[in-house]
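Start from the sequences and build out the full structure, keeping to the hints where you can.
Residues per chain are reported as follows:
Protein chains: 2
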Amino acid sequence: MRGVNRDDCIELVEQRLIRFFTESKLRSAALDPSYLQLWEALERVSRGGSRSRPRLVLMAYAGLGGNAATEAASLATAFELLHTALLVHDDVIDRDLVRRGSPNVAGAYRKHALRKGMNSAEAGHIGASVALLAGDLALAGAYQLLRSLHVSDSVHRALHAVLDQAIFASVGGELLDIEFSADRTMPSIERILSTARYKTAVYTFEAPLQAAAIFAGATEEVRLALERFGHHAGIAYQITDDILGVFGDPSLTGKSTISDLREGKRTILLCHAATKPEWLLVENLVGSTGLTISDAEKIRAVLIKCGSKDFATDLALQHARAACELLDVDGIPSLLREQLSALLYKAITRVKMETSAA
Amino acid sequence: MRGVNRDDCIELVEQRLIRFFTESKLRSAALDPSYLQLWEALERVSRGGSRSRPRLVLMAYAGLGGNAATEAASLATAFELLHTALLVHDDVIDRDLVRRGSPNVAGAYRKHALRKGMNSAEAGHIGASVALLAGDLALAGAYQLLRSLHVSDSVHRALHAVLDQAIFASVGGELLDIEFSADRTMPSIERILSTARYKTAVYTFEAPLQAAAIFAGATEEVRLALERFGHHAGIAYQITDDILGVFGDPSLTGKSTISDLREGKRTILLCHAATKPEWLLVENLVGSTGLTISDAEKIRAVLIKCGSKDFATDLALQHARAACELLDVDGIPSLLREQLSALLYKAITRVKMETSAA
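Protein chains in written order, with this note's numbering: chain A, 7 to 364; chain B, 7 to 364.
Read the hints as simulated data drawn from the structure, not as lab findings. Any given hint could be a false lead.
Copies of the same chain look alike in the list, so a pair counts if it fits in one copy or across any two.
[Said to hold, decoys possible] The calculated lysine-lysine pairs, modelled on DSBU-like cross-linking and capped at a C-alpha distance of 35 angstroms, are: (1) K304 x K31; (2) K122 x K311; (3) K352 x K31; (4) K261 x K282; (5) K352 x K261; (6) K352 x K122; (7) K282 x K122; (8) K304 x K122; (9) K117 x K271; (10) K271 x K31; (11) K122 x K261; (12) K31 x K122.
Here it is as structure tokens:
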């Protein structure tokens, strides 16, 4: 795959997704027309994603000298379907009805039920129930894509273990997230970081990189180095995301800078601030459903004044630096090192580019 | 495994389940103590089941001459975990909080949240969210058990396809069930039967039997015959279940004979009755939340008078007979034929033994 245009490879992922959904739609249509509709809804949700996990798989696989482009695309697509499954179930847990500007599975089925004359609570439950099923289908799809690979038994076992660990960690992270939301006390910074790692970093960075290393036949040392890079990169990325969720420029990030504060989301920023005396000034505002734009401004001022923004920014940089140092291993070609470092640098420096002057 | 005591084999399934949960609890405890609690809750839910799917796997595998008892137990356990996953997610969809007399995952976490001072709606949502995650874990567990088998690549692919098809069909059946509940019109008898097949029969009968055949190295003819037996047996079983859900003796079945009627569950009984003039007498009672014991008596009388009970009983017998005839294939030893027929006969004749005189 070296020398092959990476855009061609991501195109192979799109094709593999189309093939997976086409086959599934044919199977479902044979069962019942309404099942076909569910598959169409799931396919719509999977459209328009950034494909960042498949891209990472392909970058690492090609960078390690792998050249089975079509098979690599199938492996990469397994991670995209895992992402879809986790997104769809996460939306049920967060009671979100919209994803990327359109109704998600729950939102679409809720609308449909409302149109049939059901009340809002019943329609919401139908939407959530169907989304639960859709997530199960996407999860089974990830296993199916992995099983479609033409690899040796031992490689399949190793890839399966990576997928299994990604699901295990993501579910654990999601559970901790739910526990935080049910708890009034602020978790420790360590707990916030490990939750972010489990919920997102493992399946977004560590697992795709490990899978690419296994599929490329890399040494155990390389696989481990990439896993550790993924670990620190994932944490750096999550912290950056949290900073942008409060200080970002919505016109650049596409994300509200109020909803995290309104929800009282347990981020590194709030966790750090909660240990400072200034926190008392805004404690009651954070997590209040009636939070206004000027309340948010007040909280931001406190987060800057008590050093929480700087603390989080530094911490993200530290993890990014640690991540890049871990790539300094025989067997990881310098081109791949540069690509991964550049990817991470770009992700981290979003803070500078995408924050409004504060 | 021929000659091996079948009780010993089901004991191997219990041991395999204990091993799976022990390993998972160790993994989860390393992540966070609260994750361990979730695994403990999932293990509690899996306790005390009838293990009917593992039993079917073991019966068919031993009957076809298979003798790798420990491995067969792992395969059988995969189907038990699939069952757990589907149960836990089904409970979320049905908003059930109790399973086998104890709080299920959703019920236990709801209680816990209420004790923390949350209101009922929020606590219910937390319970449902955690149960969603628990079901995902059990689903991943089924794949993990299957992957733990020491089988050739092609056997693993074939078993994986059976598991995949079981999930695909169950989710489709569950979706149709949700659609029925959202619809005021009565579905056709064919649609009721195929929904029952997809939702329950495939993963309860067809898939375990097919998996056993594949694992035992049986011919394609045998695999197909067992699949078809499972198809008809599953439908016969489901119809029997529906009859017992209305006419059974709760002290023998352990099931209420009112909740199906109160819920207005789309069964073959109601579907048949809805085409008869007597239906108008009870149409408004079926599915009413305030349904009384005497209302239920009135509905039962109508179901008997318009021949719905007889129709359903006959249909179950027809499918049972068709199922047993399909076993008449070279390669299915007569002992296995007898065992499977006896199993089915016992399931079907529950109607006679477990109905109150009506």
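K352 and K31: within-copy, between-copy, both or neither at 35 angstroms Cα: neither (38 angstroms within a copy, 38 angstroms between copies)
Same-copy or cross-copy closeness of K31 to K122 [CA-CA at most 35 angstroms]: Cα proximity of K31 and K122: one copy only (25 angstroms, versus 44 angstroms across).
K122 and K311: within-copy, between-copy, both or neither at 35 angstroms Cα: between (52 angstroms within a copy, 34 angstroms between copies)
Alpha-carbon proximity context of K271 and K31, limit 35 angstroms: Classified as between; 28 angstroms across copies, 38 angstroms inside a copy.
Intra- versus inter-subunit Cα pairing at 35 angstroms for K261 with K282: Classified as within; 27 angstroms inside a copy, 57 angstroms across copies.
Homomeric proximity label, K304 with K31: Cα distance no greater than 35 angstroms: neither (50 angstroms within a copy, 44 angstroms between copies)
Alpha-carbon proximity context of K304 and K122, limit 35 angstroms: For K304 and K122, only the inter-copy Cα distance (30 angstroms) is at most 35 angstroms; the intra-copy one is 44 angstroms.
Identical-chain pair category, K117 with K271, by Cα at 35 angstroms: Both: 28 angstroms inside a chain and 23 angstroms across chains, each within 35 angstroms.
Up to 35 angstroms CA-CA - K122 versus K282, copy category: Between copies, since 26 angstroms is at most 35 angstroms while 52 angstroms is not.
Homomeric proximity label, K122 with K261: Cα distance no greater than 35 angstroms: both (33 angstroms within a copy, 32 angstroms between copies)
Within, between, both or neither: K352, K261 at alpha-carbon 35 angstroms: within (18 angstroms within a copy, 60 angstroms between copies)
Copy assignment of K352 with K122, given that the CA separation must stay at most 35 angstroms: Answer is neither: 47 angstroms inside a copy and 43 angstroms across each miss the 35 angstroms cutoff.
Violated hints for the displayed structure, listed by number in ascending order: 1, 3 and 6.
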